[in-house]
Amino acid sequence: MSDNTQPASRQAHYNSQGLGPGERGNFAGSSGLLFEQAMAQTRMAVCLTDPSQKDDPIVFCNEAFEKLTGYTLGEIIGRNCRFLQGPLTNQDEVGRIRTALREESVAVVELLNYRKDGSTFWNALHLGPIYDEDGSLKYFFGSQWDVSDVYAARAEERHAKEMAREVSHRLKNVFAVIGGIVNITGRAMNAREVSNRINDRVQALGRSYEPTLDEAFLGTIEVGQAVRAVLRPYDPEGDRIAFIGNGVRTEPNAISAIGLALHELATNASKYGALTSDAGRVEVSWRHEHDRHGRGSLVILWKESGGPPVAGPPGAGGTGFKIADALLSHSHGGLDRQWEPDGLRAEIRFPLTH
Amino acid sequence: MKLILILEDEPFIAIDLKYACEDEGLGAVTAGNVRQAMTAMDEHRFFGAILDVNLGNGETCREVAEELRDRRIPFVLNTGDLNRSGEFLRAMRAPIIAKPNASADVVRTLLSHGAKVR
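If you're matching them up, the sequences are chains C and H in order. Under this note's numbering, the first sequence is numbered contiguously, ending at residue 354. Under this note's numbering, the second sequence is numbered contiguously, ending at residue 118.
Hints are computed from structural coordinates only; laboratory data are not their basis. Misleading hints may appear alongside valid ones.
[Stated by the list, open to error] Chain H stretches covered by chain C per the calculated footprint, using a threshold of three residues with CB under 8 Å from any CB of chain C:
(1) 7-13
(2) 93-107
[Said to hold, decoys possible] Chain C regions said to be covered by chain H (calculated; three or more residues, Cβ under 8 Å):
(3) 173-180
(4) 183-191
For each residue, glycine too, the CB sits at the ideal point set by N, CA and C.
Just need the whole structure built from these sequences, with the hints factored in.
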C-alpha cells in the first residue's frame, strides 16, 4: 500500500488528549502509520479504551471490530465495552474482565457477546493495559476473536462423549441385570453351579466391553484396557499379572472372542495353573502382526510361570476352552495352548478385517 | 440376625444381592428409592448397606449415604457409572464396586469393609 487507499473515515486520529466520539485515532509518526495500516488490515477485531475517562469508554476500534459486532464506528466510540454483553453472557467471565482492569493485568476470557442484530458469537477477548512513556496507564487494549466455530466443535465432542457414557452406563446396567437373572434362575432351578459358570462368562464379556463403550466414538478400542478389565478380578492386588503392549488399538468386533478366551485362561490358571500359588505369575502381551500377504492379526500371548508343575492338559475344565475355540475359529482366529513344564503358554490370534 | 440395607432401583439386582446376603447368613431389606431406604432405616437397625448410586429420574443415593455415615453404619457403593458421580463418590470414602459384578463379591467387600471400620 504505497499511497493512502484508506477512506477518509478510516483515518486514525490520535492525540495525547484523547479522541472525540466517532473519530478514528490518528497515531502520529511513522510507527503511527504502520499501526493504522496494521489495524485496518488485520481480521482481528481490536479496540482501545480510555480508563481516565468516565466509565472507561472505547476511544478506538478498527474495521474488523465493526464487522464482528455489526455496529458502526459512530455507535461504538464513547461506549463502554459492556454494550456487547447480553442476558446469556457469563457474569463470572465478566468479573474476570473487571479484575483484570482493576489490577491492570493481562487476561484472556471467553464470553458470549451480542451483535447489533441480536445474534450472538463466542468472543475470545484478550485484554491488557497499555502504558505511556512515563509508565502511567494510558489505554486498555482489547482484541476480540470470534471463536463460535471452536465452541460448536467442542460442544459436539462433549455431546458425543456424553452419549457414549450414557450408552456405556446403560449397557453395564444391562449386564448387571442379566447377572441377576442368571443367578436367580440358577437358584430357583437348583443349578447354581451351572448358573455361576454362565454368569462368570457373562460378566467377563461385560468387563471386556467397558473400554469399548467409553471410547465408542473413536471407532477403535485400546486392547490393553479391555485385557486389564477382563482380568481384573483374577488379580485383586494387581501384582500377579503383568501387562505388556500399551497403545495397541483394535476393532471392537474382536472383543467378545478375546474377552472370553482370556477369561477361560484366567479361570484355568486359578484352578490348575500359576494363579493357584502365591509365587505364580502370568505375563500377558499383545501386538499386531502382519503376514506376507499384508493380512493383519491381533496376537495375544499368555505365559504362566511359577505355578505348580504342569504334567499336561488338565482333563477337566475343557468346556470353557471349547467355547473360546468355537468363537475364535468362527472369526478364522485361534487359541493355541502348549502345556510347558513351568506353565501354560497360550496364543490367541484374531484376524483383523481392516 | 444381622440386617443389610440394599438400595437398588433394579429389582433383579436387588433380589440377587439379597440372596447373596442370605448365603452369608445375613438378612436383607431392599429399597428401590431414597424414601423407602429412609423409612427402612427408621424401622430397622442395619449392620451395613449396599447402595446403588444412580436410582433413576436423577435421584442418587446421596441422602441415604449421609444418613448412614451419621449413624456410623458401614456401606459400599455399587455403581455402573463411576464418572458421573465422581466428586460425591470420592467424598464418601466408601468402597466403590463397579457394576457389573458378582453379587457375592459385593457382599464380601461390605463385610470386610465393615470389619475394618468397626
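Verification of the hints:
no., hint, result
1, 7-13, "holds (count 3)"
2, 93-107, "holds (count 7)"
3, 173-180, "holds (count 7)"
4, 183-191, "holds (count 3)"
Consistency with the previously given hints is maintained throughout, with no hint failing.
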